[in-house]
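**Student:** Chains as they are written, first to last, in UniProt numbering: chain A, 1 to 471; chain B, 1 to 471; chain C, 1 to 471; chain D, 1 to 471.
Be a bit skeptical, because a hint or two may be false.
Said to hold, decoys possible - Listed next, the stretches of chain C that the computed footprint assigns to chain D, with coverage defined by at least 3 CB atoms under 8 Å from CB atoms of chain D:
1. 24-30
2. 40-47
3. 62-76
4. 203-213
5. 253-261
6. 380-388
Unchecked claim - Listed next, the in silico EDC-like pairs over lysine to aspartate or glutamate satisfying Cα-Cα at most 16 Å (straight line):
7. D:LYS373 to D:ASP293
8. B:LYS214 to A:GLU333
9. D:LYS214 to C:ASP164
Said to hold, decoys possible - Some chain A residues flagged as far from chain B (calculated, every beta-carbon gap over 10 Å):
10. GLN148
11. LYS162
12. LYS235
13. PRO282
Hint data in this document are derived by calculation from the structure and do not stem from the laboratory. This one's a predicted model, so the numbers in the text were calculated from it and none came from an experiment. All C-beta atoms in this analysis are idealised placements derived from N, C-alpha and C, irrespective of residue type, glycine included.
There are 4 protein chains.
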Amino acid sequence: MDYMDRELHEECGVFGIIGHQDASQICYYGLHSLQHRGQEAAGICCENNGKMIFHKGEGLVTEVFNQDKLKELQGSSAIGHVRYSTAGGGGIANVQPFVFRTMQGSMSICHNGNLVNANILKQELEEQGSIFSSTSDTEVLGHLIKRQSGHMIDRICTSLDKLDGAFAFLIMVDNRIYAARDKYGLRPLSIGILPNGAYVFASETCALDVVGAKFVRDVEPGEIVRVKDGKLLSKIYTKDPLQDKICAMEYIYFSRPDSNLDGINVHTTRKLAGKQLYYENPIDADVVIGVPDSSISAAIGYSEASGIPYEMGLVKNKYVGRTFIQPTQEMREQGVRMKLSAVSAIVSGKKVVMIDDSIVRGTTSKRIVRHLKDAGATEVHVRIASPAIKFPCFYGVDTSTIEELISNKMNVEELCKYIEADSLAFISEEGLKKSIHFSKEHTCGLCMSCFNGNYVTNLYDSFDKANKFEK
Amino acid sequence: MDYMDRELHEECGVFGIIGHQDASQICYYGLHSLQHRGQEAAGICCENNGKMIFHKGEGLVTEVFNQDKLKELQGSSAIGHVRYSTAGGGGIANVQPFVFRTMQGSMSICHNGNLVNANILKQELEEQGSIFSSTSDTEVLGHLIKRQSGHMIDRICTSLDKLDGAFAFLIMVDNRIYAARDKYGLRPLSIGILPNGAYVFASETCALDVVGAKFVRDVEPGEIVRVKDGKLLSKIYTKDPLQDKICAMEYIYFSRPDSNLDGINVHTTRKLAGKQLYYENPIDADVVIGVPDSSISAAIGYSEASGIPYEMGLVKNKYVGRTFIQPTQEMREQGVRMKLSAVSAIVSGKKVVMIDDSIVRGTTSKRIVRHLKDAGATEVHVRIASPAIKFPCFYGVDTSTIEELISNKMNVEELCKYIEADSLAFISEEGLKKSIHFSKEHTCGLCMSCFNGNYVTNLYDSFDKANKFEK
Amino acid sequence: MDYMDRELHEECGVFGIIGHQDASQICYYGLHSLQHRGQEAAGICCENNGKMIFHKGEGLVTEVFNQDKLKELQGSSAIGHVRYSTAGGGGIANVQPFVFRTMQGSMSICHNGNLVNANILKQELEEQGSIFSSTSDTEVLGHLIKRQSGHMIDRICTSLDKLDGAFAFLIMVDNRIYAARDKYGLRPLSIGILPNGAYVFASETCALDVVGAKFVRDVEPGEIVRVKDGKLLSKIYTKDPLQDKICAMEYIYFSRPDSNLDGINVHTTRKLAGKQLYYENPIDADVVIGVPDSSISAAIGYSEASGIPYEMGLVKNKYVGRTFIQPTQEMREQGVRMKLSAVSAIVSGKKVVMIDDSIVRGTTSKRIVRHLKDAGATEVHVRIASPAIKFPCFYGVDTSTIEELISNKMNVEELCKYIEADSLAFISEEGLKKSIHFSKEHTCGLCMSCFNGNYVTNLYDSFDKANKFEK
Amino acid sequence: MDYMDRELHEECGVFGIIGHQDASQICYYGLHSLQHRGQEAAGICCENNGKMIFHKGEGLVTEVFNQDKLKELQGSSAIGHVRYSTAGGGGIANVQPFVFRTMQGSMSICHNGNLVNANILKQELEEQGSIFSSTSDTEVLGHLIKRQSGHMIDRICTSLDKLDGAFAFLIMVDNRIYAARDKYGLRPLSIGILPNGAYVFASETCALDVVGAKFVRDVEPGEIVRVKDGKLLSKIYTKDPLQDKICAMEYIYFSRPDSNLDGINVHTTRKLAGKQLYYENPIDADVVIGVPDSSISAAIGYSEASGIPYEMGLVKNKYVGRTFIQPTQEMREQGVRMKLSAVSAIVSGKKVVMIDDSIVRGTTSKRIVRHLKDAGATEVHVRIASPAIKFPCFYGVDTSTIEELISNKMNVEELCKYIEADSLAFISEEGLKKSIHFSKEHTCGLCMSCFNGNYVTNLYDSFDKANKFEK
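The shape of chain A in the complex, shown without the other chains (with noise of 0.2 Å):
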């Protein structure tokens, strides 16, 4: 499905950079790269001499920032994030990286994830005296590490043990920054280095290709690392256990297919789940499809395994963006279909497979098969390439409420009769979990809390902040 009309969304990508003259302008085609895991706001901290700088915006990377602003950041580590929603009311105060003032010295904190305690921390640190400038999570981090007194890698170490739920956190402290990752796993983060020996962090690997970054390897479940003079510190923050159970939809859907998480390409695991999603859910037909841009992968990996050919049944307008005039209900109704279009002359009189990624409410779903019939196709097989969503996400996921989950609703027939299709099927959780462990030794570590309720932590009040939840 197209980045920009999604149905789930990830909250945020981050990207740091420790080492070199021109770390803004490398965090900024950093976050380019990342810009699909966050549309709605972009910001970057440099640290010049002790002296934090930044500049943040709502939009996208290319909106938030120019060549003035970008000059303006001059120093030789940086952090950045992109961000998908502002949501809280917030608005440009909850953009990122945050940035925290003390006698001592400046912190700036960047942060992808959801934390489940929140709240709790929030109730303790007021008791205490703080107070808070936003409505996001993250500020916590902050007042914990105030709080605490040692070595700073101390502070932080015994504040991010305070915290539960899911992150990949990026700090930033004088000539230093801080890498860390939720004991779980649940949000990627990698670690790159550059030719002249700096060294650079990214949700995604795409990133760091893109900034012409070697991959050295991922920061563990549980670990922080620390770089400082070019040398690269690690440590465990925590005695609880670890695990590795990194969130399955960042390899069905969230991430880019160039992307390698724990070690396995995105493109790969897609096209092994549409391959997957054949043998279990076979269909005699004329041609596959796949809905632009991330089911492609899928669709390909069906069309091989089926021997049905691959073809372009739509098509998506790339020109599509923040600026376009939406179309009003009665150009809709009278048939203006701006972001996707079915071709006729490719669907017209066949029997169609659609592959998609994942079905959220449905709506988006019924509205696709629609217009394939439409165009003329006389069969429309879904196949979805992840288990059915049942559950909310509360590891930084914007899923609706549960209600508006249709999985949570109805079974598969009755999905199935609700978005018109003929037939509809998705790849059952084993089948998921073979195409994204085919290579991994360890066959157990994924997060599927969204498809079986099994959630990797305790969820202390998110059950009453999601509200209309019953398991």
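Following the hints, put chains B, C and D in place on chain A, whose structure we already have.
**Tutor:** Same frame as chain A, but now just chains B, C and D:
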């Protein structure tokens, strides 16, 4: 290849509508779906009780128009234009639609293509006292029509018959739109109809689909069509022999994959060309990859014919737009690569077949081959889905000068060496024809002058304008 | 009255320079100082080795141009234009400079004023095959010049002699600039010279001062001046009798106080008019106040003559620009007053003499009187530094239609009642003449047609165009 | 002197309203009329059922807000801020209003002034675990309030009493607004009421007039006022002695001429200062001129007292805004003068008295004197309507460092020579007091520390921050 990074440029796309109260809005959506035909400027003119109201500017359709501008364009008929080049020094003066004012009323004109006898006609007109506001050859038609007498359709026909070269014209006068195509059919122009009976004209059928119009038929070579009071009148405006010589590059490169040109689907053509490319130039390899976006169909065709799996070995960053800050030379040398990423996980250690749609100057191909090898490809075999481009185009495509066309200076072996590929092959002219004509009764109707120098028109002074050209 | 809130509008200002490597930049500063003559659109055209390069757009000079746009305009001569009205439906097409292209070279034209025989000339030109790109009367001159033969200066002279009405023209061809003024001298045009010998032309001398040019002399009525190779050549282009009828409102209202028109300073004229106004219409009061900005000089004159202290009883908000969000009707009714604040501390309990430069429709005067009374003024005596405007202008001033001119419908007593003033008086025609001519040898040279209907030209069809006019 | 070219800068203006459904819109108009107090940034926060919704950004009020942004700010109370300086490296983080979030609710704060003990308070707060998001001293108040207990008004009072320095605060919590002024009354703050009963607060009374509010009274030194449910409650928050030391420069320079400060009109004060200036420093001359805009009132006063006519010898270009392209050094050397034009027709051959409101670094005065002489003035006598500024301000005015204050380094004779004037005189402190206090009962209430170094507060570490200061 990506539309933003193209080495060949289509000059224009046109869209028109008559008989709908929201004419300008529909025109906006139509132009938007033709954006790939020209990203430098856009304009819409609508007619309201004899008054021509227009807005035009430099940039994408979404940049030139906003809600307020669109609302000012009230009227039941409209014509619009997207333009690649504002070259010629004229800037905004050359942006279409052109509007001509006379005491008897106004006239508006849009043009896709290039006239080869424009200078001769301009000289004649100037000798009679005419004066020009732009450097565009399109303005000539307005002056010619003004100097004829009789009924408007006769004045237009007489004028069109004086023109030589490539054109699809939309002419709006009072409550009428005229649509005409050159006698060789070099540039495409299709007719559609909306549910309410409004007629629609567009350079490509994808625009008909997007606005919800049903395809009626193409305008034929040498034909002029007039719509007035909801009725369509057709006429052949010339006694010259009519030909059927649509530009081959429209299929292989310019048009959107979901468009049908003279009844043939573009994606299908490209996929067949990919298959044909394999039959003519087979190679044993591990993966087939395509250069996004326009070579993907051919790459899948090559994969299906060869049985070599298609993989996403090159990924394009879709957010590279006009406000993107280009990396400096220094950045690029350090390895920053913004537009295309070669996916190491897919190509490393592999023999790769890389499919592209054309080679113009050779620099892009050379760069991509190097990216693939840097990413670990052991061999890169380049296959091109069009014959070698050896001659400049005078019909509205901005090829480089003949000196820059690398296939004019190197044979295939030399070029292969230059781009550092392990092998290189182009589809044959015959092969390309076969791919395009598979379902067409007539088999000779393509302009292939950029491949073989057999220009379909007299070239007048165009040789000299192109300056360094020696056949 | 404030330039942004004016009820009378000058149509244009022109600026030209030849013989300076930064011609466009100097033109930018010159236009900027003429901004009060037209805020709707601006343009600059420069000449570079025979090529005309231009940029123009809607908005203030500072909105239309930025560094990048200005840098593109390389060349050693340039002409520019600011324009009030883009009325006529032409939009951007009517923004000047106009550029005309011919095989022999290009020509660029700027015009301040209005032609009264434009329609007659247009009809003749159309009968000979001409076609127009704009609805502006200025385009006529380009067509006329094109159709003459012989040396360029003769072609221009012959063409100018066919025109009737008000004009100051700048015409740029190759390495020459021509500057011409109508035979009545209705619109001003001055010549200056820079330290490096570059000649400069401007609608007002304030633009000469701003760019550091020394005033040379005014272009005379019926004169054309040509600058080529740093030499100035002068010619009278007509055998018609020459007059000296500069627009009286240029002194009283349009021009900047620091400009000299035909050798007489504008501020000085206004102050004298203020004194004269007192001599003709004395009143006993506590304070004199002026409506900012254009009536301040007259108010100070009234104060000096009367001995009544001048105070700042009305304050204008200087930040009301184009992006200002206008208060809704509801807001205004609640008392929100953005443009002018009446200062209670100054007028409360006082008899006030309020000086304004003119009354057009009367609504503004009525509103200000009410503000003053709301602020506590016990009496408001209105004194107007121009005679009552009873007739429309056909020479380039956008007065309202004759029906809207309140002095055409009401005598002074009625009008006084209408605006709710305690007394009202206008300066006499003789008094105004005296104020302007105090230092001038000739004493008859003013166009006062808007006061007395004695138009200096034949009006052709202008009566009908102005439609509701009955003398 | 022009607001855009000032050498002294007020840091801020504040506006608040409670009890009106269009609170944000009225706040917009209020801030707009306070724009002269800060042009670098602006913000509005409104309260809607306990939710704080805000928008802020860099630029003028009209640049930061548009219709859409304003519409998002729904709620019946709002506070807003215009700010001069975003210095301190904080950029957008330092733009007000600040919003603080707690579990019990949110709070929003605006501040005009400067705290002298902010660093001491910050250090104490940090020792208790507080962490800061900005470099602004304003944030301190939020933290202090958070750490108190009891009723909100008591928490605020206790917190305010800990602050030392200059402030006018607006604090919005739930359905209440609190307004407080420092115990010296250094910064102004007035209360108004709208016809519907809504209370309004503003730094200057001009903002009350503009929104149609009736002046109620000023907030008194040391007073806090709370509005809740349409009722106004007043309290003195400190046991310290209260003083009446409003900043003298508010009268002479910062405030709009139509504002009344502590009941005295600003224009009137300035005109009296102009008269006093003549009585103290008479001179025989031909014309009196003022440096626009803030010195015009004083110039007219000088003219009235002396009988020397006031003329418009300096004209300002009102269109010089943020997008204006500044002339290069080369251009300026060639004579391009954008901001102020000296009017040759008025000053040539004349003895000129030039009135300005202050001299800071002396460079602007020197430049203007030179312009006047270049324009032909035979003598230029400079008279300054404030005493010489010899000491930096620590109460919210951005004077230069002490080293840059030219009157700290030169006596009047030396300075006269430096600015190349024929004579130079400043008003005396006594004279200024007399001008301001003419109608005031108490005669000691002015802060004149920038003239005489008698600071009204302890300065703590401000001496060291200002660094080069030695008394």
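**Student:** It remains to establish, for every hint, whether it holds in the given structure.
**Tutor:** Consistency of the hints with the structure:
1. Taking a C-beta to C-beta cut-off of 8 Å, the segment 24-30 of chain C contributes 4 residues in contact with chain D, enough for the three needed, and the coverage statement holds.
2. Only residues whose C-beta sits within less than 8 Å of a C-beta in chain D count toward coverage, and the segment 40-47 of chain C has 0 of them, not enough to reach three; the restraint is violated.
3. For the segment 62-76 of chain C, the assignment as covered by chain D holds, since 6 residues bring a beta-carbon within under 8 Å of that chain's beta-carbons and 3 suffice.
4. Look at the segment 203-213 of chain C against chain D: 6 of its residues bring a Cβ nearer than 8 Å to a Cβ of that chain, three or more, so the hint holds.
5. For the segment 253-261 of chain C, the proposed coverage by chain D is satisfied: 4 residues have a C-beta within less than 8 Å of a C-beta in that chain, meeting the threshold of three.
6. Interface restraint, the segment 380-388 of chain C with chain D: violated (0 residues with C-beta to C-beta distance below 8 Å; minimum three).
7. Among the hinted pairs, LYS373 (chain D) with ASP293 (chain D) is inconsistent with the structure: their alpha-carbon atoms are about 21 Å apart, more than 16 Å.
8. Restraint check: the Cα-Cα separation between LYS214 (chain B) and GLU333 (chain A) comes to about 15 Å, which is no more than 16 Å; the hinted pair holds.
9. Of the supplied pair hints, the one linking LYS214 (chain D) and ASP164 (chain C) is violated, its CA atoms being roughly 56 Å apart against a limit of 16 Å.
10. At the 10 Å boundary, the C-beta of GLN148 (chain A) stays outside the reach of chain B, the nearest C-beta of that chain being 38 Å off.
11. With a least CB separation of 37 Å from chain B, LYS162 (chain A) remains clear of the 10 Å interface cut-off, as annotated.
12. For LYS235 (chain A), the condition that its CB be more than 10 Å from all CB atoms of chain B holds, with the nearest at approximately 29 Å.
13. With a minimum CB-CB distance of about 19 Å to chain B, PRO282 (chain A) clears the 10 Å threshold, and the non-interface call stands.
Against the hints set out earlier in the document, violations occur for numbers 2, 6, 7, 9.
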